[in-house]
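From just these sequences and the hints, can you work out the full model?
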Amino acid sequence: DQQVKQNSPSLSVQEGRISILNCDYTNSMFDYFLWYKKYPAEGPTFLISISSIKDKNEDGRFTVFLNKSAKHLSLHIVPSQPGDSAVYFCAASDLNFGNEKLTFGTGTRLTIIP
Amino acid sequence: DAGITQSPRHKVTETGTPVTLRCHQTENHRYMYWYRQDPGHGLRLIHYSYGVKDTDKGEVSDGYSVSRSKTEDFLLTLESATSSQTSVYFCAIRKEGGFYGYTFGSGTRLTVV
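So the protein lines, in turn, are chains A and B. Under our numbering, the letters of the first sequence match residues 1 to 114, in that order. Under our numbering, the letters of the second sequence match residues 1 to 113, in that order.
All the given hints hold, so there is nothing to weed out.
If you want a taste of the chain A side facing chain B, the calculated C-beta under 10 Å gives, among others:
no., residue
1, 32
2, 44
3, 103
By construction, these hints were calculated from the structure, which means they are not laboratory data. The C-beta atom is built at its ideal place from N, Cα and C for all residues, glycine as well.
Structure representation (structure tokens):
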């Protein structure tokens with residue numbers, strides 16, 4: 001049972017345009033969400049996060065939006081750069097019960113076209 | 001960086017042999033995790049630890065065991081390797097004092113032939 005889903009395995013975007021990566025979740029107890037970026041032959045690295053008490057969090061070119069009623073979050077990258085080409089994983093956690101585990105989605109491979 | 005290293009980085013082993021992967025951290029964090037990454041499945045939790053000798057199962061723990069006898073080392077053992085355990089294995093640590101996500105190691109690519 002996949003509690004965190006990324007329905008687009010891949011996405012191609014022109015350099016300079018906006019990249020939008022989507023993530024859906026089914027567990028209503030999730031209250032903290034993160035995005036990770038992964039380059040080949042490296043471990044995932046933390047990108048940006050959002051708590052369920054917010055609906056938006058920005059960090060430079062990266063913005064995460066959370067729609068709790070739809071159980072949907074998205075990552076916007078603008079403007080997209082060639083170095084953004086990577087696999088992006090969304091992840092979710094339920095902190096209320098001291099749950100220290102992250103549940104990850106299947107990943108979206110983003111390719112930025114120069 | 002967080003000071004987390006995995007060894008070996010690559011390993012090829014035969015079906016039925018035991019294999020141990022090592023994760024070492026230098027920052028004394030309490031929480032450590034083992035994940036595997038497979039196409040179409042993303043990252044899935046195998047086992048995690050919340051202290052020395054304190055471990056628990058994740059969603060794909062069958063065929064794996066772990067040990068944590070020291071804070072800095074978290075070992076993942078495949079008791080009898082199978083081809084379905086061919087994967088990339090990542091170790092991660094979590095820093096205390098707020099939830100900032102995990103810091104991952106560089107991974108171990110394991111091939112079972």
